[in-house]
Structure formats: C-alpha cells, structure tokens
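Listed below, chain by chain, are the residues.
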Amino acid sequence: MTESSPLLEASDLNVWFDLPDGGELHALRGVDLRVGSREKLGIVGESGCGKSTLLMTLMGLLPPSASASGSIRISGQEVLTGGERAFRIHRWKDIAVVFQGAMNALNPVMRIGRQITEVLELHDVATGPAAEARARDLVTLVGLPDDILRRYNHELSGGMRQRVSLAMALACEPQVLLADEPTTALDVMVAAQVLGVIDRLTRELDLALVLVTHDLPLVTRTCDRIQVMYAGKVVETGTPADVYHRSEHPYTRLLFAATADVHSGREELVSIAGSPPRLDEPVTGCAFLPRCPMAREECMTEAPQLLQVASGHAAACRFAGQKVRMS
Amino acid sequence: MAKGSPMRRKLLYGLVSVALVLAGSACTNSKADVRSGEGSVLRIGDTGSTISTLNPFLASNIFENAVFRYVYPYLVQYDTSGSIEGDFATSYQSTEGGRVWTFHTHPGATWSDHKPLTAEDAAWTFNAILANKDGATARFGSYLAHVQSVTTKGPNELVVTYDKPVATALANLSVVPILPRAVWGPYLSGDAGKLSGFTNDAPLVSGGSFILTSEKKDAYALFERNPSFYGPKPKLSGFGFQFFGSADAMISAIQQGQIDVAYDVPATAVSTLKKDSSLHLLTNKGTDEDTLIFNSSPGQTEHPELLDPKVREAFHLAVDRQKMVDVVTLGMGTPATSIIPLSLQNWADPQIGAEGFHPDKASQILDQLGYTRGADGVRVANGHPMSYDLLEPTGLTGHDRVVDLLRSDLAKIGVEIHVRVVDGDAFGHALVTPSPKAPSYDLAVDDWISRWDPDFMLSLNTCGQRGNYNEAAYCNSHYDALYNQQSTSLDLAQRKQVVDEAQEALNRDKPWMPLFVNPNLIAVRKNVHGFSGSPFVVDTTSRHQIDDSWLQ
Amino acid sequence: MAAVVAATPRAGTGSALRGSVGYLTRRLAVALVTVVVAVSANFLLFRAVPGDAASMVKVPGLSAAERMQIRADFGLDQPVGSQYLHYLGQLAHGNLGISFENRKPVTANLWQAVANTMPMVLLGTVFALVAGMATGLIAAWRRGTVLDAGGLGAALAFYAMPAQWLGLMLILLAAGHLPSGGISDVFLTDADWWARTADHLRHLLLPALTFGLASYGQYAVIIRTSMLETLGEDYVLTARAKGFSNWSVVRRHALPNAMLPITTLIAMSLGLLVSGAILIETVFSWPGVGLAVYDAVKARDYPMLEGAFLLLTVSVILCNLLADLVYLRLDPRIRSA
Amino acid sequence: MPPPSSLNAAKVARRWLTWLRQNPAALIGGALLTAFAVLALFGPLLTPFGIDQRVGPVYGAPSPAHPLGLDDSGVDMLSLLIAGTRISMLVGFAASMVSVLVGGFVGVTAGYVGGWVDTALMRITDYFIVIPALPLMIVVATVWAPSVVHMVLIIALLLWTSTARLIRAQVLALKERVSVRRARAIGAGHARIVLRHIVPDIVGLLVATTVLAVSVAVFFEAALSFLGLGDPATVSWGRLIQIAFERTAISSGAWWAIIPPGLCIALVVLGSSLLGTAIQHAANPKAGIAHVSSRTFRIRPVPEASRD
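Chains as they are written, first to last, in the numbering used here: chain A, 1 to 327; chain B, 328 to 879; chain C, 880 to 1216; chain D, 1217 to 1524.
It is possible that part of the hints are untrue.
Claimed, not checked - Cross-link-like lysine-lysine pairs, in silico, DSS-like; alpha carbons within 25 Å at most: (1) B/544 with B/601; (2) B/544 with B/560; (3) C/983 with B/543; (4) B/601 with C/1177; (5) B/560 with B/853; (6) C/1177 with B/560; (7) B/544 with C/1177; (8) B/688 with B/650; (9) B/764 with B/739; (10) B/560 with B/442; (11) B/562 with B/823; (12) B/823 with B/601; (13) B/544 with C/983; (14) B/521 with B/491; (15) B/491 with B/823.
Rather than coming from a laboratory, the hints here were simulated on the basis of the structure.
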C-alpha cells in the first residue's frame, strides 16, 4: 500500500439533487475518500446516508438532476471537472462496479456472453474469438460453467447473476472494484459464496475494493479500512479494529450495538431510535444530534469536524478523543 | 452523431428525391391542355352518384340510365326542348286511332361488334321483355303496357300494336333500350331466370353514339366515340363520368381544370363558382321535387287524424315553402304545390295548391277539428298528442335542412315531429313494412325527378304502384281512372285537362305534399361548347347534351 | 470450490425450445378459437339485422315468386343451421359468396378495395412510424427539455385531432395544389407510365399524410413512454458504467428493449389500419376497404359485409399472432416461460 | 392521485388541488375538461343566437357580431358550436361511464370468479377486441335509428373491452393479497370481499380509465356523426364537421365552419388524455428515472454556506 499514489481519491465531495418543488437535497456533504492499490475500503451506514450516491458519484453516473462539487482523481487524473468524457476514459478499465443483487443489472435480451465480450471490444482488450475465450476464462474464474455465456439473464439465479456481474466487472482488469451491496436480495448461503468469490479474486488479482454495505461484520472481516457515513458525511474512519473496538463516534457505537442485537447483517438497521435528518433543509450543528445520547448544548450550533484521534483514525464528534461516557 | 454517416446521407438523398418527384408532380397541371380541340374527351363530374350495375333490368339510378342512353339504341328520344324525336327510328307514325305504331329504322346500322343492327333487334328485345313483363323484365314491362304484339316488316320496319290507344306510347318507348341479341340472348330466354345474375361488364357491345370502354363502381365510367353509330357523329372523341365523394372535391377539380363539367353543383357553392372566370354556371329550373309523404294506407292506424284531408290541408298551409327555397336552395329553387313541377311547362298548373303560406289558417283548421293544444303546446288528436315520426332518407344533400324547417313550421301550429334518419335501403324497407299495401309509418320526406311526360309522376300514386313507387301507399279508384284516362287521351288539350284533374285530385287527398323543386345547377368550363343545360340532373332522356358538345 | 455447485443452469436448451413451442401452440389455439368465434358471430350478426337479398334487390315490380326465387338463389330459404354449414363450406373453399349489390364475387370486390387501401395506409404508417420514432426517441432522450415538451405536445395534439378533420385541414391547406379526392385522374388513360405514377402519387399524398399524421401522435407517445421506461432500467446504468457512450447505450441496450412493446403496438395497429381508414377514405373518396364497408352497410350488402368483417377480424388476429411471433423472436424471456 | 379515503370533503378537495398543482399536465387536462363541461351545462344560456335563426348570408365571414362566422344556412357558428358542446360532451361522458361500468363489471366478475366464467367472458372480450370497431358501430347505427341514447350505447358496446381486461388483471392480483385471503378464510361473503377489499383498490384505475375513455368516445361520436349516423335533430361537433364537409365549406373558403368544431374535439381529447394519464400514473406510480440522458449532472463551486 503506497499512501503517496492513491488509485482513487475524492476530496470534499458535495452532491445536491434538485427536487421537483424547486428545493434541493444535499446528499453528500464534503466527503473525502482515498483508496490505495490493493486496499479494501468498506463504507457503512444506514439507508439514505449517501453511500450509494457516493459510489455513483465516483463512477460519474449521477442523474442530470444532480450537481456536484469537489474533486475526484482516478490514478491521479482529475475527472469530476472533466465531466462525462473524463469519466468514460476510466470506466471499467480502471474502475469497475458490481451493482446491488436486487437490480436488473444485466440486459434481458442480450446473451450473457455478448454482454461480456462487448465490453472487451469496447475497451480494445480483445475481439472476436479472443474475446470469447476471455469471456470463458472470466466465467470460469467466478466459478460458473462456460455454457452460461449462451444464456439470458432470466435463466440465471440471483447468485449466478452476481457472479456474472463480477466476471463482467473484472473483464478489463480494473485496478479498483466498486461493489454496491453486492449481496442484498441473496439468501445467506449464496451471499456468503458470492462474497467469498469477491474476496478471493480481489486478493488473487491484486484489486483495490470499495465495498458499500450495511453488513458491519462483513466489512470488519474483509476490509482494511472502514468509513462510517451518516447524513451525507463521513463520521468516522479507521481500521476495523479502530472503528469496532475503539469507536469514537456515538453513531458508530450504536451501529455496532444494533448489529450485535440483530445477529444478521442483512436486515436493515432499525434499532437506533429516531431517524436521520432531512437533507432537503440545511443542517445546523451536528446532524446526529437528535438521536445522540451524548448531546450537549454546543452540539446544536457547531458542526463537528473530523478529529484525528490516532494515526488513520478520525471521528466527527466534538468529544472524539475525550473520554465522555454515554448517558 | 454530428457527422452524417454514408448510410444516413443515402437515406437523405432518397427522401429528397421522393420529395422532388412529388413536388414536381404536384406542379404538373398541363394535361388539361392536351385535351382541348376537336376530337377530345369531355370530363364530367358528379357527386354522390354511382353506377352499381350495368344490367338495365336491375338499374335504378340515373347514371346507370345515362350509360344506357349513350350505348344502346332507342327508337325515339327527346330533343332539348322536351319534344319526342326519332333516334334509331328515322320516322314513325300511328294508325288505327293510335293503336298501331310503325317505325322505320336506320338502314345498314351495325353494333360496335359489326353485327347488323336492325328492326329485328328491337322486336326481339321488346318481345323478350313482354315474355316476362311481370317477372324478371318488370323493370321495362310497364313501359310496354297494353302492347299486343311487336313485329317487323323487313329489316328496317317495326310495328308495335297496342290493345288500345296509348297516349304515352312514344314517351314510354323512349325509355326502353334495344339490346344486342348476341349478348343478351342467353339471359332473356325462357323465364329469364339468369337475368338478375348478369353483370354486363364493360366494355359493352354498343349501338349508341359512344362505347363504354371501362367502368369502376363509385369511381368512373369512360366512353369512346362509336365509329359505327347510325346517327350524326359526335364531335367528341370520348367522354367520361367521374364520381366524387364530396362536392368540395368536385368543385376543386373543376376549378383546377381536372374536369370540364360539374353536374348538380350544390347551391352553397354557386357564389364561389360565379367568381371563377373560367367557368359558366348553367342554372335550370329543375325537376327534382322534394315532397312530404303521408302514409295514406289503412295500415296507418295509430294516427287516424293524419288521414284527414283537412289535417293535411293544415300542414300544407303551415309550411313556408319560400323559406325552404331560400334556405335549402339559396333562392335558386322554386316552391312547389303540385307533383308536376313548373319546369314541365306544358303540363304544370301553378294554380293547383297555391293557397300560400297561412299558419294562422292552419291553426284555425286544427282548432275547428277540436285538436286543442296540450300543456306542452302540442295538440291532442284522438286522445294522442299530434306527435309524429318522420322518416328521412340519408344521402341527399339539403334534406336535413328541409326536415328542420318542416319541424319548426309544424311546431308553430302545435304539431310535433320526430325525425328518424335512415339510409336509402332502410327507408325503402320502412315504406313497405309490415306490408306494401298497408305500411305503418307516419310521415316521410323524399324527392322525385319528373320526366318530360307527366305520366310517370302521375303513375306514382296509382294503386298498382303500391309496394313499388307508391310511397304513400295511396289507392283511390277515382284517381286511378283519371290516370288511365290521361294515358289514353290522344288529344293533347283533352289530355292536359285530365292531367289537371288528376293533379287536383291529388291535391285534395294529399298523399304527397309537394314542397319545392331543386334547381339544376351545372358548372361548365368555358372551353366547352354546345353543352346545353337541362331540367334533369343528368339528362337520361336524350343524347344531345354530350353528342352536341365540343371542346375548344 | 463450493461455488461451482450453485452454478447449475436453471433451464436447459431443450426446455427453452419446449417453451417456444408451448407458447406458440397456446397462442395459435387462442387465435383459432377467436377466429371460430368471429366467423360464427359475424354470420349471426348479419342474420340478425333486418332485410335480406330479396328485400334489397331493387327490381321494380318484382313478384312474390321472384323474391322467393332470389331468396333461394342466395340460400336464404334454408334453416339457419344449414345456412351456417353451407357458409362454413364456402369459407373452406375461400369463397365469400356473391355481393348483393353488384353480383360479383365478394372476394373480387374485397381484393380490389384492399389493393386500394394498402398503399395509402402503408405509406401513412411508414411516415407515422418514422416521425413517431424520431419524436419519441428525441423526446425521451431530451427528457424534461423544451424539445421534449415540444415533441410531446405536437404528438398529443395530432393524437387528439379527429382524422376526418385533419384530412379536411390538409385539403384546406393544399387547396388548388393537390387533388382532394379519388385515387387517380380517371381521364388520364393515354398517359405514359411515369405520368400515371406521378398522378397516383399526387392523389396518394394527402390521404396517406392524413393517415400518417393521425397515427403519428400515438406512436410518438408510446415510443417515448417505452423508451423512458427502458432508460430507467438498471442494465442501462450498467452499460454506462461499462464506459459506453450515451448513444451506444441507447442503440445497443435501450432500443432493443424499448422496441418490444413498440413491436406489439405496430403489429396490432396494422390489423386495425384498414378499418381505421374508413373516415379518411370517406373524406378523400378513396375506394378502399373502409369505404367498401360503409357502402356495403348503406346497400345492406350482407355477403360483402360478412366477407369484409371476416377479413378485418382475421387480419387483426393474424397481426396479433405476428406480434406474438416477433415477440418470441425478440424477447428470450418468452421462449422459456 | 390521493388515495380514496373517508376524510371529509374539504380535505379530499384540498389534496386533489395540491395534486393538480404538482402535475401541470393534469392541471391543463382538468381545466380543459372543466371548461367544456361548464360550457356544456350552461352553454345554452350563453348562445348569442338561436341555432335555427338565420342571421346573415350563407357562409358569412367572421365579424365582430359573429366571431366564428355563419354556417351554410346563415346560422351563427359560435352558437352552433356552443350548442354542439352539450351533445358531444354528453355522449363522451355517458359512453365512457357506461363502458367503464360494463367493463368493470365484466373484469371484476372474470377476475374474481375465475374458471369457465373467466374463460367465456375473456373469449367474448377477445372477439370484441378483434372485431373492426368502427365498421361494427356503423352497422349497428345504421340498423338502429339514430338518437343520442343509441349513440351512447353503440360507443359503449365497443369501448368496454380494454377496461374489462385491465380490471381483470388487477383483480387477479388483488385476489391473492393477504387481506383478501384472510377475509375469505374468516368466511366473508363474496359481495363483501368484492366491495370492501377489491373495489376500493381499483377505483383509481376505474377513474383513470373513465377519463381516458372520454377521449375515445368523443372521437367515435365525431366519426359516426361524420358518417351521417348522428341524431339529425341535434347539433354536435361531429355533425358540424359533417355538415361543413357536405355543404362545400372548403371550396367556399369557409374555414370558420370547419376549424372550430375539430379544435374543440381535439381540446377535449387532449384534456381527457392528459388528465387520465396523470391519474393513471398517480394510481400506479413509476419512478420515472432515466439512467441515460442528453444532459448530465452539473459541476458547481462549493458554496460557502454549505461548508460546515
């Protein structure tokens, strides 16, 4: 891991969505992110905290109703200001994505094989029989028989679809793989198998991984670093050990506590009382304030900055690094 | 996507060239000029008409009859002033007090298939008609009523013998075509059972001035000059009828020079056409008369008051005919009070039914009958409101305006009219339901085109025509006697007197209540010469209109 | 690796084929049943309306015996059951009977009318499809922009206009430049092929354009909706993430999927074309099927009507079947369903 | 569309108004339909001249006194147009309501009862779908004397099929819902299940179908009238077009006799399409996202205010 040359770096990312009534929703509020080579970054948080938006922003796939500011660098090149054209140079070659299992990420009227070879041809990796051979290798790599190439999406099971998505993502040998909750909608056994494949391949192929999930045990198991997001902001970042054992943000602590209650990473986190703030109105002070067991008067006025508590471990809580007890 | 691919450019060229062809073709209007001059084709347009059969025994509409007039020989026809003249017969005279008619026919005539055309053909046709005159050939049987025998004396002399003198012999014979035996033989033999299945498709074997070369239902009929015609050679090399679906299409066609003559122009278009300097407008008093028909049969039991001549008189007085003429024909028609239109000057009598428009008098009559108005203003007669169904056949432009006016005029005297619009066939059906002699409808409107001879119009209300042309199902032995008397009155003055009496009789009973006569408006391009107007929509009584025309 | 176990395909090639055959068989069966229902219903419909050949034949002075003869000629003196069997027998030989009106075989009359209608509706449909495609795709592509609003507005406007009125508007606009009625200049008998073709085209232009404009709006709206739905699909996002340009995404991934409902729409509307042309044929005196039906109604020409209804219903059924076939070809999901 | 509820009328009205404000298409559609409905109801009070009253020359051109000119008999076109509104709207609304009632009944019956009833009803529906609609209407209209009531029935006769299919599909889905199965399990009567558990959930769809059917019915009214099969004693927009067509309005240059009635039909059809589609979308909302668009997200500088 070389800190000096991150494969993917985003700094001070802000994303707004226009709302039909004329207002806007501030979905990402100054997010920073760095992924070094072979690094595995986990991004966790409740639904609606902006983790999927972050992933879409990194791929440049925001809808026209969105606006963004800040900086995204892929392999050191600035892409955000370059717009669609700048992103397209890197898509799939440098940075590929596996979408949620619940999505229909595969074209229903195109054979699986074609969906893999077309991307090989697009990025001049291989054409014709060579592309087909490569596609066979890819599906074998993810543990699928090669006659899968002649099939259509509707003939596959959920687990097979995610494996195909993975094979497709690996087609152009990207350096960074983004995975957006790749196992939602899969049953536990299949999810474990798919994650096993992802884990194995990122190691075998020396990939950097950004894994977006709300499966906390998973990230602590697989990732090198974790970023916890809340209301469009990173509220805590650090190694799994930092975040799990020495969490400095009350939200992180509640999150882990809730997970422990539920015993399953697949269920939505519901056991934190209250709900996240509305992002279509300006947030003053700490966004977590209404749900925070440690809330103080001063939290209402001043938004907390990420405070470094140890090397590589920071939390956005005014009490970070202070030993304040939760009441 | 900014640069056009070769493929897209090709497509573009293709589209552009198609557009150019269309634009170019849109500008070609030169063909009108090709046709001018001697020996050219006269193009005639009409709306709403059609030719649905070329079998004269099935034919019922006027353009079918017009086709026969030009392609088949007739013994006699009318001249442009309404007098009988010889056609295939070069001369004719009656003997034995009008009982025997002798016709001398054109010698050496041939059909268009070069077979000889002689008096024998006429005798064969007439005898074939007589053989089944109450059956398959009934269409022409009535025109040969009282004919005892038809014989020839040599190839050019025909003798028609009647069982009694018939005043209308020539008028009737002017309607009966002479058919080529070679074609019609198989269909007119025996009981003529196959006759109704014979379509007689174009091109027809012709003996008249023109040959029908092609014909398409609802579209056109095209004619070429018949080189073997016995009579004077037409100046035109051909002519054609084109049938338009709408008057607007026809008017635009004549204005653009796509046709030379437009028959039966609607009154609403007259001001437009008058402004066009390339057109003449021939306006003729017409013979097409609109009438209100009272069901006069015993089948009409629901409203007995409608059978009362006094009630009919009230209706007669309540209708503002001049207003109808003004609204429906824009003042170009003529009010009518008798079934013989005024355009038949020899026979019409303007005094008949000329009481005028007196709604107050009409109300008085109904008051005197004790038909008082109910709370809704509708009178009550025989325990029922005076509220009647009126059948209106579709397909005749202006009829709905007529009906609107009738309804509002009658409403003013406390009579309510409910209009039922029905198409021609349903109309015909309603008039003979439940039985031809005793139908049950209340009122109807229709129009009839008179002929030069009053016999036809007078025949419409005879007992024998019930279930056929007698739409009122009126039957009166006194009237029938008058009708028969006029048809056998050889003396013109005497016949005129009987015709008047018959009109009077009808005016008294009013099976029909005449309303007004439609004008006959024909638009003609100025390069058409010799084209005479006529009281008829299309003249089926004579070949003169087209035979005498030429283009310049 | 345990994962391989999970990778057993759910459906084999054999079952996909069986799926296709089963699907086709089902569709064919439904179509066949509908045809039988239609044939019988049409037969009964025209026995239920008042009047028959004998009452419609306009021969003055026809005697009762003559009318009986005509009824016998047309087989109308038989019981309805045997008339029905006779009718079916005729149908089996492709014989639709003889027209009451002009005593010609119904098939000949219909053929003539179809031959006239086809160029008009086909040209119009091609126009409507091309223009509708363009509008629908551009509007979907430029969703929410002025172009979208304008395109959708135009499409809805044309959709909302009654065809007969649209025809009259075009006649008003083209007054004096293009013929407003008929299929050709009937007096153009001695002209050469080019002149006749140009004349046909001139006559074809307004009715075909009316037909095109009248169906254009519907196509444009449906293509836009279908395209928008497809553009919202996840695989479109995948395609973009793969690095395809927007246009490639639309062409390779969105269009083939968006075309599925559009294909059905086109095939189904093809079946309805002919009867939809009735108003336009009336406005332009175009002697096609629509006008033939209308004239047959007016003349109570029941054999003609029976034939026309059979032709129209069967063509709708066939077009639906065609839509199913095309769907089967385009959409792999149906093949193994 | 706000779901049907037992709230008081004022609240329901307020929700409708809010919904209309947020849907410009629905607002335009609703406004058009309301305007024509008002015109249909109160039109006869507004007609400046009688529709039997000849006030000027044949095809008199528009003038301040007669803004839409005169027709072929010199009657004020504006008065005719207003008078025609009533019949056209009446036929449009009545036919669509009858057709939705019939279609709804057939659809609910077929979907709920199932079995051979479903099969039979659907085969009949199939026949009505494949039969050429306008020709059949012409046949029936020709045989049946023309009147407004007949016109309504004839149009409804062919309009109910799409509703029947739509409702059947919906009912089939609803039938399997937990609440319906539970109701059946506790022995609720069929009528009760249909009325309490099924009908409330298809009301939105029925309303949308009715509104959409208005446009088709108005179209058919115009078509039948144009073919001369309308009630001759009444004035409708379709009949005005027919009269203009038959009485040489075009060659007389009387555009004012042709354009207004067609425009009115187009506006009503447009109104009912816009409103109906909007209700349909509201009853069955779709996300309405597009992953590809000619436009892309915007880049903007970070506003100071949002730096926190």
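Out of the numbered hints, which ones does the structure contradict?
Hints 1, 2, 4, 6, 9, 11, 12, 14 are the ones this structure does not satisfy, whereas the remaining hints hold.
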